[in-house]
Amino acid sequence: MPGTEVVTVFVTAPGKEPALALARQVVEESLAACGNVIPNVTSVFRWDEKVNVEEEVLLMLKTSAVKSPALIARVAELHTYEVPEVLSVPVEDGFGPYLDWVHECTSGEAPPAPSVEKFDGRQ
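Every letter in the sequence shown is one number past the one before it in the numbering used here, and letter 45, counting from 1, is 45.
Each hint should be verified, as a subset may be incorrect.
In silico SDA-like pairs for lysine to any residue, Cα to Cα no more than 25 Å straight-line [to be verified]:
no.: 1; residue 1: Lys-16; residue 2: Ser-88
no.: 2; residue 1: Lys-16; residue 2: Val-86
no.: 3; residue 1: Lys-16; residue 2: Leu-87
no.: 4; residue 1: Lys-16; residue 2: His-79
no.: 5; residue 1: Lys-50; residue 2: Thr-12
no.: 6; residue 1: Lys-16; residue 2: Val-83
no.: 7; residue 1: Lys-50; residue 2: Val-86
no.: 8; residue 1: Lys-16; residue 2: Ser-43
no.: 9; residue 1: Lys-16; residue 2: Ser-30
no.: 10; residue 1: Lys-16; residue 2: Ala-73
no.: 11; residue 1: Lys-16; residue 2: Ala-70
no.: 12; residue 1: Lys-16; residue 2: Arg-74
DEER-style ranges, computed between Cβ atoms [claimed, not checked]:
no.: 13; residue 1: Glu-49; residue 2: Glu-5; range: 35 to 45 Å
no.: 14; residue 1: Gly-96; residue 2: Arg-46; range: 37 to 47 Å
no.: 15; residue 1: Ser-43; residue 2: Glu-77; range: 18 to 28 Å
no.: 16; residue 1: Val-66; residue 2: Phe-10; range: 17 to 27 Å
These aren't lab readings, by the way, just hints derived from the structure by calculation.
No residue lacks a Cβ here, since even glycine has one placed at the ideal position from N, Cα and C.
Let's have the full structure, built from the sequences with the hints guiding it.
Here it is as structure tokens:
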């Protein structure tokens, strides 16, 4: 399977507000097309020679493979953690119009968001 040239960048953050601020900044800068903030993530990790358990949020950013290095660098620059978790994972397949939209958003152009009307449960 050839892939899509789209990646998802996973970032943990200390809370919802820092994650939202980070997502807004990188979307405004056209480094990411979209960010999803997922609350209530419990992380277990080794830091300062001890095992820690922390409540965090997970930020999922979608971008083009070409913009991924710049996005990773910008997240590292803006993040409050000394060593933030920033992982880029290739998207192997997806809905064509959405993948096209990700590419358009991260090319510097400002296309309209894809329609989600038929998926909105509030109708």
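* Please write out, lowest number first, the hints stated earlier that are contradicted by the structure. => none
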